[in-house]
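Let the hints inform the model, and build the full structure from the sequences given.
Letter by letter, the chains look like this.
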Amino acid sequence: MIDVSDSRPVPQDLLVVLRHPPHGTHWLREGLDVALVAAAFGQRVGLLFQGDGIYALLKGQQAGPLGQKGTHPQLAMLEMYDIDTLWVSARGLNERGLSADDLMLPVVPLEASAMVELLQRHPHTLIF
Amino acid sequence: MIDVSDSRPVPQDLLVVLRHPPHGTHWLREGLDVALVAAAFGQRVGLLFQGDGIYALLKGQQAGPLGQKGTHPQLAMLEMYDIDTLWVSARGLNERGLSADDLMLPVVPLEASAMVELLQRHPHTLIF
Amino acid sequence: MMLHLLNRSPRSTATYQDVSEAFGSDDHLLLIEDACYAAQPSAGAALEPFGGRVSVLQEDLVARGLAKRVDPSVEVVDMNGFLALTETHERCVSWF
Amino acid sequence: MMLHLLNRSPRSTATYQDVSEAFGSDDHLLLIEDACYAAQPSAGAALEPFGGRVSVLQEDLVARGLAKRVDPSVEVVDMNGFLALTETHERCVSWF
Amino acid sequence: MLNYALLLHAAPYSHQAALSALRFADTVVANGHRMKTIFFYHDGVHNASALMAPPQDEVHLADGWKRLHQEHGTELLVCVAAGLRRGLLDVSEASRHGVMSHSLEAPFELTGVGQLVDAMLTSDRMITFAP
Amino acid sequence: MLNYALLLHAAPYSHQAALSALRFADTVVANGHRMKTIFFYHDGVHNASALMAPPQDEVHLADGWKRLHQEHGTELLVCVAAGLRRGLLDVSEASRHGVMSHSLEAPFELTGVGQLVDAMLTSDRMITFAP
Numbered sequence: 001m002i003d004v005s006d007s008r009p010v011p012q013d014l015l016v017v018l019r020h021p022p023h024g025t026h027w028l029r030e031g032l033d034v035a036l037v038a039a040a041f042g043q044r045v046g047l048l049f050q051g052d053g054i055y056a057l058l059k060g061q062q063a064g065p066l067g068q069k070g071t072h073p074q075l076a077m078l079e080m081y082d083i084d085t086l087w088v089s090a091r092g093l094n095e096r097g098l099s100a101d102d103l104m105l106p107v108v109p110l111e112a113s114a115m116v117e118l119l120q121r122h123p124h125t126l127i128f
Numbered sequence: 001m002i003d004v005s006d007s008r009p010v011p012q013d014l015l016v017v018l019r020h021p022p023h024g025t026h027w028l029r030e031g032l033d034v035a036l037v038a039a040a041f042g043q044r045v046g047l048l049f050q051g052d053g054i055y056a057l058l059k060g061q062q063a064g065p066l067g068q069k070g071t072h073p074q075l076a077m078l079e080m081y082d083i084d085t086l087w088v089s090a091r092g093l094n095e096r097g098l099s100a101d102d103l104m105l106p107v108v109p110l111e112a113s114a115m116v117e118l119l120q121r122h123p124h125t126l127i128f
Numbered sequence: 001m002m003l004h005l006l007n008r009s010p011r012s013t014a015t016y017q018d019v020s021e022a023f024g025s026d027d028h029l030l031l032i033e034d035a036c037y038a039a040q041p042s043a044g045a046a047l048e049p050f051g052g053r054v055s056v057l058q059e060d061l062v063a064r065g066l067a068k069r070v071d072p073s074v075e076v077v078d079m080n081g082f083l084a085l086t087e088t089h090e091r092c093v094s095w096f
Numbered sequence: 001m002m003l004h005l006l007n008r009s010p011r012s013t014a015t016y017q018d019v020s021e022a023f024g025s026d027d028h029l030l031l032i033e034d035a036c037y038a039a040q041p042s043a044g045a046a047l048e049p050f051g052g053r054v055s056v057l058q059e060d061l062v063a064r065g066l067a068k069r070v071d072p073s074v075e076v077v078d079m080n081g082f083l084a085l086t087e088t089h090e091r092c093v094s095w096f
Numbered sequence: 001m002l003n004y005a006l007l008l009h010a011a012p013y014s015h016q017a018a019l020s021a022l023r024f025a026d027t028v029v030a031n032g033h034r035m036k037t038i039f040f041y042h043d044g045v046h047n048a049s050a051l052m053a054p055p056q057d058e059v060h061l062a063d064g065w066k067r068l069h070q071e072h073g074t075e076l077l078v079c080v081a082a083g084l085r086r087g088l089l090d091v092s093e094a095s096r097h098g099v100m101s102h103s104l105e106a107p108f109e110l111t112g113v114g115q116l117v118d119a120m121l122t123s124d125r126m127i128t129f130a131p
Numbered sequence: 001m002l003n004y005a006l007l008l009h010a011a012p013y014s015h016q017a018a019l020s021a022l023r024f025a026d027t028v029v030a031n032g033h034r035m036k037t038i039f040f041y042h043d044g045v046h047n048a049s050a051l052m053a054p055p056q057d058e059v060h061l062a063d064g065w066k067r068l069h070q071e072h073g074t075e076l077l078v079c080v081a082a083g084l085r086r087g088l089l090d091v092s093e094a095s096r097h098g099v100m101s102h103s104l105e106a107p108f109e110l111t112g113v114g115q116l117v118d119a120m121l122t123s124d125r126m127i128t129f130a131p
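Chains as they are written, first to last, in my numbering: chain A, 1 to 128; chain B, 1 to 128; chain C, 1 to 96; chain D, 1 to 96; chain E, 1 to 131; chain F, 1 to 131.
Source of the hints: derived by calculation from the structure; they are not laboratory data. The beta carbon of each residue, even a glycine, is placed where N, CA and C say it ideally should be. Careful: at least some of the hints might be erroneous.
To be verified - Chain C side only, calculated, beta carbon under 7 Å to chain E, not exhaustive: (1) E33; (2) M79; (3) L83; (4) T86; (5) C92; (6) S94; (7) F96.
Claimed, not checked - Here are the simulated lysine-lysine pairs, DSSO-like style, with alpha carbons at most 27 Å apart: (8) E:K36 - E:K66; (9) B:K59 - D:K68; (10) A:K59 - C:K68; (11) C:K68 - A:K69; (12) B:K59 - B:K69; (13) A:K69 - A:K59; (14) A:K69 - E:K66; (15) B:K69 - F:K66; (16) D:K68 - B:K69.
Said to hold, decoys possible - Here's a subset of chain C near chain B, in silico, CB distances under 7 Å, partners left out: (17) A14; (18) D18; (19) E21; (20) A22; (21) G24; (22) V93.
Here it is, written out as structure tokens:
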């Protein structure tokens, strides 16, 4: 699934913003695929969970009723790919009545001003 | 484009609810296709424009920049198919700052209670 | 008596508003797919217009890790319960 | 300096909110496709967070019958203007 | 016993809706009702592709629909206007439009929107699944 | 002169996004820039179908992408994982997966997501068009 080119370019910083919840659509899965491939490709990848994308991190997710894979197995692979800082929108977290204890991985909540700064210091950004 | 079966069933009432604006997606076009076909098929068809679907009626629409057809030519065909009453959500109209003068066809604005009644008296409803 | 089927997250506020305009006093709302997120107590206002006549699909709740996060005013039904709702309601409309 | 591209109607309130969280003081917002509806004076609040740094695509306005309904605070650009915005902004992100 | 018709607007593998529809259809027949017609419209026509090759550990949606036809006689109707635009066509449409090969085979059938109206009028229940 | 890459997530004939992307690509080349790569992902892979047969009075999207390749050398890269699931495959993938025929031909190429990352790193601008 993860293809790695022989010629690795100089590492750059890529921010992948995840805005869609798991299961209902494939956006989250495809955004995580890009993040994992980019990391395997030698890039420094950061993830920002925003809006309903925060639900990707909710504990206790399972496979879908027809056996369709969730995205939580992809999240479990992040550390192996050196993707270790997960940012979340503090406002998005509050609006959903969630705290860090509800999430399956440690996260860094960001206020809006810090989110703007985060986007500005990453030379590449993809939104899913 | 309009296919008519030989065996026409007893006419029934079909309400088609249009909730999506023109051009951005094909929902509106496909809902109108169903309405026109059902009318050609001998059914009594009513249209309810709700939410952004109200923009389907805005005057002055044109073909898209790559020549893609709009939905206003379909609307011009409604009368030919005896689809002559167009209902719109009064709230949706107000929220968009629109009045009947802004629309290309005469409409009947409905309050929420009248919309509920409209759905209830149509034995068939399709939402697009 | 109509069954309304809704599959969008409660952040799709326009869809919830459109459903509420068309929701009769005998109607019922079933939340499936990403609409499961509306069944949480924290989603609150999204379901207010539906006067407690709301169910949510268990299988979709479980997949999303929401099984223990359902507001008590929302009834949980499984796929057989979903089918039963379409049996008892002569008409079913889907909002998307 | 980032160009934000938005193609959803202003009734997709969650999307507009997410853009506003990520919108820097040097950034610019371009409304295309169904986001043209946000350029009307009646859409008001949707564009408030963007401090007047908003453009809308002329070709998409015209197709929707909105050419004469643009709020004076929103700049109208054609396809060449869209391209020029991507030339002057090193990065472009799309919200959907 | 009720006759059910489903209207599916959603492409496979992008939204849950196609899986939701298949799961609902399975529940219909498991409870002794008749799963009479599935109408594929909009991006839903892609569900009928004979060419899809999903990973072995994912649901093969086209096979799921075919199983319903084989075991329960469910009609699988694909809107011809929506299908042609999107590259879903049978042998005769491929030849008529000079397209190199076809992507749709029985038990899927290309039909007009009139068949959707007919399905609505002649079924007891019509349930829509959309993206 | 800048190098542009586009990422297209949207299926043809359901959303305006595919038309928006084609229109943008035309503007890029008309203004003397290089339209280097178009990467088709998610439902965007359906744009590469060799089988689409839209009505004569509608834009033929696959032909539009091919024209960009022929006249301007634009790479047309289709995500292989997204394509296989959805029935977009070339001769060799069709044979490998035992599928009756193929639906994708040159100048469209099946590639991995790595090529998307590469396009992002090696272009001056990457613009996304989504449904």
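Evaluation of the provided hints:
Among the interface hints, the one on E33 of chain C holds; its C-beta lies about 5 Å from the nearest C-beta in chain E, closer than the 7 Å criterion. Interface hint at M79 of chain C: satisfied, since its Cβ lies 5 Å from the closest Cβ of chain E, which is below the 7 Å cut-off. Nearest Cβ of chain E to the Cβ of L83 of chain C: about 5 Å, under the 7 Å cut. The hint holds. Using the Cβ-Cβ criterion of 7 Å, the hint placing T86 of chain C at the interface with chain E is satisfied: the shortest such distance is roughly 5 Å.
With 7 Å as the threshold, the beta carbon of C92 of chain C comes within range of chain E, its nearest partner Cβ sitting at about 5 Å, so the hint holds. Evaluation of the S94 of chain C hint against chain E yields a held restraint, the C-beta minimum of about 4 Å falling below 7 Å. Hint on F96 of chain C holds. Least Cβ distance to chain E is approximately 4 Å, under the 7 Å limit. Taking the CA atoms of K36 of chain E and K66 of chain E, the gap is about 13 Å. The hint holds against a cut of 27 Å.
Between K59 of chain B and K68 of chain D the CA atoms are separated by roughly 11 Å; this keeps the pair inside 27 Å, and the hint holds. The suggested pairing of K59 of chain A with K68 of chain C holds, with an alpha-carbon distance near 11 Å, which does not exceed 27 Å. Under the criterion of a C-alpha separation no larger than 27 Å, the hint pairing K68 of chain C with K69 of chain A is consistent with the structure, at around 21 Å. Between K59 of chain B and K69 of chain B, the direct Cα distance comes to roughly 15 Å. Compliance with the 27 Å bound is thereby established for this hinted pair.
Distance restraint check for K69 of chain A and K59 of chain A: the Cα-Cα separation of roughly 15 Å lies within the 27 Å cut-off, and the hinted pair is therefore satisfied. In summary, the hint linking K69 of chain A to K66 of chain E is supported, as the alpha carbons are separated by about 22 Å, within the 27 Å threshold. For the hint pairing K69 of chain B with K66 of chain F, the CA-to-CA distance comes to about 22 Å; that is within 27 Å, so the pair holds. At most 27 Å may separate the alpha-carbon atoms for a hinted pair to count; K68 of chain D and K69 of chain B meet this at roughly 21 Å.
A cut of 7 Å between beta carbons decides the hint on A14 of chain C: the least distance to chain B is about 6 Å, and the hint holds. A cut of 7 Å between beta carbons decides the hint on D18 of chain C: the least distance to chain B is about 5 Å, and the hint holds. Below 7 Å, beta-carbon pairs count as interface contacts, and E21 of chain C has one with chain B at about 5 Å; its hint therefore holds. The beta carbon of A22 of chain C is positioned within 7 Å of a beta carbon in chain B (closest approach about 5 Å), and the interface hint is therefore held.
Against a cut-off of 7 Å between C-beta atoms, the interface hint on G24 of chain C holds, since the closest Cβ of chain B lies about 4 Å away. At a threshold of 7 Å, the smallest CB-CB gap from V93 of chain C to chain B is about 5 Å, leaving the interface hint in force.
Consistency note: the structure conflicts with none of the earlier hints.
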